[in-house]
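**Q** Once you have looked at the hints, place chains B and C on chain A.
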Amino acid sequence: MHQDSPSDHDSARGFRLEPATITRLRKWRRYALLYCLLIALAILILLPIAWIIASSFTTRETVWKNVLPFSWRAFFPTEPTLDAYHAIFEKDFGRALLNTFFLGAVTVVVGIAVGAMAGFAFARLQFRGKNLLFALVVFSFMIPGDLTVIPSFVLVRDLGWLNTWQGLIVPGLANGIVIFLFRQFFAEIPQDLIDAPRVDGATWTQVFLRIVLPISLPAVISAGVILFLGQWNNFFWPLLVAPTPELRVVQVAVSIIGVEQQVSLWEQMFASSTLAMLVPVLLILPFQRYYVGGILGSGLKG
Amino acid sequence: MPRPDHHGAAMLTRVRIERWTPYMFLAPAILLLIVFRYIPILLGFEESLFTNALSQVGGRRFVGLDNFLLLYEDPVVWQSFQVTLVFSLVVNPLQVGLALLLAELINQRVPGIAVFRAIYLVPLAISINVTAIAWGLALDPNYGLINGVLRTLGLPRQPFLIHPSQALWSIIGIISWIGVPYWSLFFLAGLQGISSDVLESAHVDGASSLRTFISIKLPLLRRVIAFVLVTDTVTNFTLFAPVYLLTRGGPQLSTHLVMYEAWRRGLVYGDIGIASAIISVLVIVVIIFVAVEFIVLRPQH
Amino acid sequence: MNRHRMSRLLFFFTLVLLVSAMPVAGQEAVELSWITDLPGAEEVAARFSEYHPHITVRVDKVSFREVFQQNQIRLGSGSPEPDIVSVDAPVVASYGFRGWLLPLDDVFPAEQIDGWVDALHESSMYDGQLLAPPIWNSAQVMFYNADLLEAAGLAGPAADERWTWEQVTEAAQAMATDADDDGVNDVWGLQFGQYNRIYQLQPIPESLPTAVLGEDALTVEGIIDSDDWVKAFTWFGDLHNALGVSPQGGISSGELFRNNQLGLYVDGGWMINQFINDPLEFNWGAAPHPYWEGGEVTVPGDSWHLGVNANTEHPEAAVEFVKFASSEEAGRLWFDVWGVWPAHKAMLAEFAEDPANAEFPQKAFVVAANEAPFVTPRPLTVGYLEYEEILSDAFEDIRNGADVAEALSQAAGRIQREMDKYRPQ
Numbered sequence: 001m002h003q004d005s006p007s008d009h010d011s012a013r014g015f016r017l018e019p020a021t022i023t024r025l026r027k028w029r030r031y032a033l034l035y036c037l038l039i040a041l042a043i044l045i046l047l048p049i050a051w052i053i054a055s056s057f058t059t060r061e062t063v064w065k066n067v068l069p070f071s072w073r074a075f076f077p078t079e080p081t082l083d084a085y086h087a088i089f090e091k092d093f094g095r096a097l098l099n100t101f102f103l104g105a106v107t108v109v110v111g112i113a114v115g116a117m118a119g120f121a122f123a124r125l126q127f128r129g130k131n132l133l134f135a136l137v138v139f140s141f142m143i144p145g146d147l148t149v150i151p152s153f154v155l156v157r158d159l160g161w162l163n164t165w166q167g168l169i170v171p172g173l174a175n176g177i178v179i180f181l182f183r184q185f186f187a188e189i190p191q192d193l194i195d196a197p198r199v200d201g202a203t204w205t206q207v208f209l210r211i212v213l214p215i216s217l218p219a220v221i222s223a224g225v226i227l228f229l230g231q232w233n234n235f236f237w238p239l240l241v242a243p244t245p246e247l248r249v250v251q252v253a254v255s256i257i258g259v260e261q262q263v264s265l266w267e268q269m270f271a272s273s274t275l276a277m278l279v280p281v282l283l284i285l286p287f288q289r290y291y292v293g294g295i296l297g298s299g300l301k302g
Numbered sequence: 001m002p003r004p005d006h007h008g009a010a011m012l013t014r015v016r017i018e019r020w021t022p023y024m025f026l027a028p029a030i031l032l033l034i035v036f037r038y039i040p041i042l043l044g045f046e047e048s049l050f051t052n053a054l055s056q057v058g059g060r061r062f063v064g065l066d067n068f069l070l071l072y073e074d075p076v077v078w079q080s081f082q083v084t085l086v087f088s089l090v091v092n093p094l095q096v097g098l099a100l101l102l103a104e105l106i107n108q109r110v111p112g113i114a115v116f117r118a119i120y121l122v123p124l125a126i127s128i129n130v131t132a133i134a135w136g137l138a139l140d141p142n143y144g145l146i147n148g149v150l151r152t153l154g155l156p157r158q159p160f161l162i163h164p165s166q167a168l169w170s171i172i173g174i175i176s177w178i179g180v181p182y183w184s185l186f187f188l189a190g191l192q193g194i195s196s197d198v199l200e201s202a203h204v205d206g207a208s209s210l211r212t213f214i215s216i217k218l219p220l221l222r223r224v225i226a227f228v229l230v231t232d233t234v235t236n237f238t239l240f241a242p243v244y245l246l247t248r249g250g251p252q253l254s255t256h257l258v259m260y261e262a263w264r265r266g267l268v269y270g271d272i273g274i275a276s277a278i279i280s281v282l283v284i285v286v287i288i289f290v291a292v293e294f295i296v297l298r299p300q301h
Numbered sequence: 001m002n003r004h005r006m007s008r009l010l011f012f013f014t015l016v017l018l019v020s021a022m023p024v025a026g027q028e029a030v031e032l033s034w035i036t037d038l039p040g041a042e043e044v045a046a047r048f049s050e051y052h053p054h055i056t057v058r059v060d061k062v063s064f065r066e067v068f069q070q071n072q073i074r075l076g077s078g079s080p081e082p083d084i085v086s087v088d089a090p091v092v093a094s095y096g097f098r099g100w101l102l103p104l105d106d107v108f109p110a111e112q113i114d115g116w117v118d119a120l121h122e123s124s125m126y127d128g129q130l131l132a133p134p135i136w137n138s139a140q141v142m143f144y145n146a147d148l149l150e151a152a153g154l155a156g157p158a159a160d161e162r163w164t165w166e167q168v169t170e171a172a173q174a175m176a177t178d179a180d181d182d183g184v185n186d187v188w189g190l191q192f193g194q195y196n197r198i199y200q201l202q203p204i205p206e207s208l209p210t211a212v213l214g215e216d217a218l219t220v221e222g223i224i225d226s227d228d229w230v231k232a233f234t235w236f237g238d239l240h241n242a243l244g245v246s247p248q249g250g251i252s253s254g255e256l257f258r259n260n261q262l263g264l265y266v267d268g269g270w271m272i273n274q275f276i277n278d279p280l281e282f283n284w285g286a287a288p289h290p291y292w293e294g295g296e297v298t299v300p301g302d303s304w305h306l307g308v309n310a311n312t313e314h315p316e317a318a319v320e321f322v323k324f325a326s327s328e329e330a331g332r333l334w335f336d337v338w339g340v341w342p343a344h345k346a347m348l349a350e351f352a353e354d355p356a357n358a359e360f361p362q363k364a365f366v367v368a369a370n371e372a373p374f375v376t377p378r379p380l381t382v383g384y385l386e387y388e389e390i391l392s393d394a395f396e397d398i399r400n401g402a403d404v405a406e407a408l409s410q411a412a413g414r415i416q417r418e419m420d421k422y423r424p425q
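Chains A, B and C supply the protein sequences, listed in that same order.
The opening residue of the first sequence carries number 1 in my numbering; numbering runs sequentially from there.
The opening residue of the second sequence carries number 1 in my numbering; numbering runs sequentially from there.
The opening residue of the third sequence carries number 1 in my numbering; numbering runs sequentially from there.
Quick caveat, the hints were computed from the structure, so don't treat them as lab data.
There may be inaccurate statements among the hints.
[Said to hold, decoys possible] Derived EDC-like pairs: lysine to aspartate or glutamate, alpha-carbon spacing no greater than 20 angstroms straight-line:
no.	chain 1	residue 1	chain 2	residue 2
1	A	Lys65	C	Asp182
2	A	Lys65	C	Asp180
3	C	Lys421	B	Asp74
4	C	Lys323	C	Asp114
5	C	Lys231	C	Glu293
6	A	Lys65	C	Glu281
Excised from the complex, chain A in its bound form (with noise of 0.2 angstroms):
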């Protein structure tokens, strides 16, 4: 990029430029080139999302006068309100947000620590069988569960786990693709770090906890983002194992409300929709730095 070519020569001598002003202005265009195609993606991104975050400040008699036909003002509800929002609140959104959070919750931990255990086990330690234990971890991903989704209910069912909250949380703690990024992640730590404490006579599980998970953070934080996200939008499983009010989940909350019996309360899905979306982006996005940096540090760099 940076390199002169004869003709860039030619033609700044025309125009007796200097070198450094020559390099700036091919830096301005980059920049201005970049930007213009940076941009053009975050609204070809933004723009559905925009919309339904718009709606959601509308009322059953505004929400669709701007989208019928689509204009510019759908974007900017004129006289915006928060109904739908205390609308939703009074259905019980609110628990349904604290459930999912709780269920996030408890799978990011414990699926955090039996993926960190089993990534452990594969990437530093010596044991029989382990090639075979490892494809039948890799395989697990290669079959997604909806394939699967009416054999498992009739499994969880027989534990007698319908309506409770294991039955939502067991069967998603063993994450194939979570295992993976850890196993990926410890293979990559110095063996020196490793040797030290082993040498001194530390356990392999003091090795585990003092040693490796503390310098691993952005694979834990990787895999939490995997697994909450997981939680966070299931929709099928939840509704079929529990589908009681009481362990009602968020994307299960927004597929009823404002769908009640062929009345489409639109401005109230919207308004759940809007949350149920803006939530995992607010946790995510200060993670991001270092949810990059898991999958850097899982040796998947070429």
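**A** Relative to the frame of chain A, chains B and C by itself:
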């Protein structure tokens, strides 16, 4: 607390105990995977050998491979496999390619790039139900936002989801809206992991950005590309929510993906046996695809 | 990472898990579960518990499209839950065939059964047994925007005036306009509420008249691809294409109507309450469901029924609840909460004569109540789920301009393949 082990006996005990340590570390994960992933998979395969819809007597009955025979004779199932194949052959390379380009874009070190990275992450956090509502309206033939934009540009109105020649492409576009930014994160991590020495020497040699990208960065990203391609393939082979929510497999079966047909047979018609048979075949196809991808992209040492 | 805090957290979560897994104390009390999308379900359940304090009915709310599959996965795998099964009228046969519902003939009082609208009584039976009593009646009516009709120089139908589809088509064409010439109508002429479901489209062929299902209840080839069907759905396709009076795409017809952009709107009586509670900003009315000139009057109107899970652990309590939910008292409650019609003939007559309902908008209730005698049930077949789903594909394709004869003949082939599986071997 680390305790000093000076005695040979204690050392021996420790070795004996530690023989089991790896299995203790693995036990929770492996047990959970076996119980909640593998047992249901096996039950699914078993179910494909039974029927609960064929006989007036009712009840579940062993039929061997009859369900597979029915599939073989069913034109809709063949059609759905065709659609899925076309879909997969397009969507996976497309998403991987675009994600690579996007990763290169957000890897530029310019002020404010973190904001853009954050924005591009947003679709990842949005559930498929909400995505479908937003894009369903945006692509509406009469009232959609996109047609509004086309009209402003003086271009003709497009049917998008309601025309057999555009529906599958529209679905591909929608899922790429989520998929491309997501996968680009993995590539971004890969790009950032390339040592600056390598890029520096390319720069000194006078290679263009494009050349550097193709001949230096891409080969170094081989492992992450393989990972993304395989995971993306699996995800897209089993995709059905956008089709269920937006097109019902139409128009004229043009978006009738295999998973959608399986979902219909199992959960709408209540014919679990046939649905399991379809899924069993699909799993085999997925494994073949993934194996081919692994072979093509394997490291050439 | 602080290990102590982490282990305390883990301990706490484990404790919560254990506590929440413990069985509810006091086995005397019975909890029944019911998966439904019906508004007012909580109110009916609460009223029931006032009479039966030891029984609570847990209402598991889901959206309409989830009701069927959520019930079917559970019933199909032999689960004792839900105790109460929401059954849409046409799937009574399908569920009955699979043995999922408890026969209720011996436990239901004859006078309650005799009070139901005839078509709804018919829909609640399979194989000569009463399986699922009706709780609602949902006769369809034609809503009209009087202002748009007037602008087109037309007057709306009287409250007892049944337009023919020919009249409807003319009016729709007169109203449909594209004033700003952007290729999208500012006003559409006609649309159905459920424009791709047999539920609302069945009268189009049936009123010609022609059959919608073979006499053995398992034949569709030669029926739904017949010349009559092609004729009926060519008209339906033309509305969306050649005539351009009905919108394609997925925009809700109710919203278009509310937004003053739809002249004639055929949908269920359940919309009336919504148009009264969130008032429409124009003059509107309701008229009887249209029919073909020289044809028969048939009106979609079968609705939700309730059954008892054959595997329930609380059959007595569940039967009690179904009795209550289909009683006149519950019927009144449904109406008060949601404005939906009960299934009882006597109550419909009473509503029709109520002076409070003499003028629009309340008069719309009378229009809907008077449709009860014309209600025709949907095809009663064990293969209804397949029939409905595949026909919806065809209707959607026809809306989008596919060749009508081809779409119907493909649908006939697909449905027939599924239906043949139910034939005795």
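**Q** Does each hint fit the structure? Answer for all of them.
**A** Outcome of the hint check:
no. : hint                 : in the structure
1   : A:Lys65 to C:Asp182  : holds (18 angstroms)
2   : A:Lys65 to C:Asp180  : holds (17 angstroms)
3   : C:Lys421 to B:Asp74  : holds (13 angstroms)
4   : C:Lys323 to C:Asp114 : holds (14 angstroms)
5   : C:Lys231 to C:Glu293 : holds (14 angstroms)
6   : A:Lys65 to C:Glu281  : holds (13 angstroms)
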